[in-house]
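Chain A is already provided as a structure; the job is to place chains B, C and D on it using the hints.
Protein chains in written order, with numbering that gives the first Met the number 0: chain A, 0 to 243; chain B, 0 to 243; chain C, 0 to 243; chain D, 0 to 243.
In case anyone wonders, no lab produced these hints; they're calculated from the structure.
Which copy is meant is left open, because identical chains are indistinguishable; a pair holds if it fits in one copy or across any two.
Lysine-lysine pairs mimicking DSBU-like chemistry, simulated, CA-CA at most 30 Å apart:
(1) Lys-107 / Lys-124
(2) Lys-104 / Lys-71
(3) Lys-107 / Lys-71
(4) Lys-71 / Lys-124
(5) Lys-216 / Lys-107
(6) Lys-14 / Lys-71
One-letter residues, chain by chain:
4 protein chains.
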Amino acid sequence: MSIAVTVWNEFRHEKESEEIAAIYPDGIHGAIAAGLQSGDFTVRSATLDEPEHGLTEDVLAGTDVLIWWGHKAHREVSDEIVLRVQRRVLDGMGLVVLHSGHHSKVFKTLMGTTCNLKWREANDKERLWVVNPSHPIADGIGEYIELPEEEMYGEFFDIPQPDDLVFVSWFTGGEVFRSGCCYQRGRGKIFYFRPGHETYPTYHNPEVQRVIANSVKWAAPVDGPVPNFGLNGPNAPLEQLPPR
Amino acid sequence: MSIAVTVWNEFRHEKESEEIAAIYPDGIHGAIAAGLQSGDFTVRSATLDEPEHGLTEDVLAGTDVLIWWGHKAHREVSDEIVLRVQRRVLDGMGLVVLHSGHHSKVFKTLMGTTCNLKWREANDKERLWVVNPSHPIADGIGEYIELPEEEMYGEFFDIPQPDDLVFVSWFTGGEVFRSGCCYQRGRGKIFYFRPGHETYPTYHNPEVQRVIANSVKWAAPVDGPVPNFGLNGPNAPLEQLPPR
Amino acid sequence: MSIAVTVWNEFRHEKESEEIAAIYPDGIHGAIAAGLQSGDFTVRSATLDEPEHGLTEDVLAGTDVLIWWGHKAHREVSDEIVLRVQRRVLDGMGLVVLHSGHHSKVFKTLMGTTCNLKWREANDKERLWVVNPSHPIADGIGEYIELPEEEMYGEFFDIPQPDDLVFVSWFTGGEVFRSGCCYQRGRGKIFYFRPGHETYPTYHNPEVQRVIANSVKWAAPVDGPVPNFGLNGPNAPLEQLPPR
Amino acid sequence: MSIAVTVWNEFRHEKESEEIAAIYPDGIHGAIAAGLQSGDFTVRSATLDEPEHGLTEDVLAGTDVLIWWGHKAHREVSDEIVLRVQRRVLDGMGLVVLHSGHHSKVFKTLMGTTCNLKWREANDKERLWVVNPSHPIADGIGEYIELPEEEMYGEFFDIPQPDDLVFVSWFTGGEVFRSGCCYQRGRGKIFYFRPGHETYPTYHNPEVQRVIANSVKWAAPVDGPVPNFGLNGPNAPLEQLPPR
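So that you can see chain A by itself, here it is in the shape it has in the complex:
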């Protein structure tokens, strides 16, 4: 069954910088969507400047997995939409947060931490090493993915310890980074994936595209139980409960 994917992109850099527009003529969301063409995905996009940032209740209700790319305008995302996305994740929607999305309100709200990190734009080479070769997100990937030039992100990365750590990055300049991190939150699953600075053609890289496609499949909702919260049986002597 096809997985309904919504690619959310801030979509500002591409309109303001010729250099970036040249790398991503269809927007970063366009490149990410193109990378999902070979799988059984139904892909649409949503962007910051649409009404409700393109994330209406209907759109989210029809989304299995939301991909998130943002950078310079995190503060412009309304708190109401952040809360809406959080609720939808806890209710089962998958979430794939890319690169500078680490500082998005959505990710920080779901993590409970600052999600701060080190960074440097100095054309570091990045190697993303697979540290869990049994994980479905590593399907079809070699021992590492090498990106000849990327922005550096370095530890300490202020996130909760991942449930599963899939990738650890090496950078020329001497830093490491937990660059592929899995989380369960409520009925939903979250994957953070590091690469993708706007000045590099990273989302055209077939291995990066493969990881994103794998993570969408991994994060797609399952038909797990919908918990009943609140009062469980009468507030009354145990003798009045149904037989156990």
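Okay, now just chains B, C and D, sitting in the frame of chain A:
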């Protein structure tokens, strides 16, 4: 070296109900503080109706571990103080969240989830089984702690998967609960401990007191690194970085 | 693509006890295989008394997921076959260990612990509560599975902390148990699932069958990297390494 | 209360190589013991060529934390002693495994995996980054420890996912490594710490010594419950159990 503990208590039930005041004549915070007397702790309290809820910048700066009990007035805790506590935890202060504190803004903000659960006031018996006998929070505890009567809390408990799970509770009525949960967040450590409904004398129980004392020691700050976030080296060709 | 499943059964109880043979006329492996009929699985069985316990190199090479049920004859499983199974798991084969298989050499070798636990045959009722509703192994399952009569297994269960904990069991007699536990080991995945004492018709229960089918899908190999171990580049000055 | 530490060293390299003897004139165990002098530790050593490898039942019974360094003679360690150490760890003794001890029988038995990795002796620089600044093993350590020359160890490192990951290493040659890994096993705790090739003066490094001392304190036994395994109550109708 003495650990500076601040016991935060909503302190409403004890003033409004004679039944509860009879169980906790010095307030729930008083009973928790009394349970810490035998260790090397310096204990003070803070309550909701004090200015800034008793949690000024100075108080928090001087607190190694904050214990949190709240129930009916979670919404009255100001967002500013919640943010202040969150920042202080991420900067190293330990946090021990008790019982109905699961629904406190502080805990929900740090977890990123609803922290919802099932509950019932029906005099269930509770057994808290130790599932990690190597953990310092289980020090001095037997295979389980039995509480003859307590409020029931049941799964699904909407929390992130704990870094370490120390206790799992059994209830007469047929429910289980992850009742002792450890988390790392930033430079800080968090422990959630389930027991302690206001209508039961749970905080006078020596084993419960022992777990709380153990968790305070475990959550006390360590002198780990203070991360530098942000730009790491010049945004310039790698050749201009210091030699690696 | 069909998943190749081998159901390994000790297959002694069914031949020695009329009571058990009446519950499992086709053997426990037969009941487990029958429970997998509705999915896209190719199922064969292997038993203790076959040559090489039915687990030749060829059989294991052609197995995606191995299911393991044993009880009274763990010691009769040869160390050579145990090592063979371990290697195959680390190389990617999934392993689903059921009930008394907790004491199998295969499971103990892969866990590194005694895998000891408490037990009692007293017709306890068991409720297996889902504590991770986002997990694919909980797909199609309600908030809990109730088994009217089962052998009790109780904590402390001497296993490594699971990577993911999916089920926690409640028993009438006052015990709890981590009854659905996920592990990554090498390129392989392992799921331990508690229910299934030979004197109860547990493997005819549709929800138990669903969990086993789900776990087989979850544990099936992925095409992750085959690591190169050993020397990486020349033992020589770094200048002689390929350019980085 | 003083922690009783036994430093186990293979103690072959130092006797066979003048170069190594010059770095570790008192043996690697001597350097490790010297690094523990400033804390409240009682330190003795044990070596491969002593009877029972120096690890008699009495020695282990009197050991709170065992430190393990071995390299070229792993196979000479008797299986009986390996089993003895495993049992003692599961019963509460802490274990700190250093560097090439990753391939010791003791570590592999407790992990259940091959513990294989990549390696290279090419004078790589190593940076061990702290990825959990709240952990007691990071106490007193800066953002990273830099070792100007060390043997390289690279991923994939075939270990179970750590319960807590404290350090991740960067190497000049392009590799990363999970170099500080915490595990709970039974009533015991295990820490694996990567650095320490015999041709480098690593164990004279004050930061490395600090990490080892921290890990000994962390791994020291706690007075957690001693589980009762086996039959729990009569195998009889539940009505005959003690009242619950």
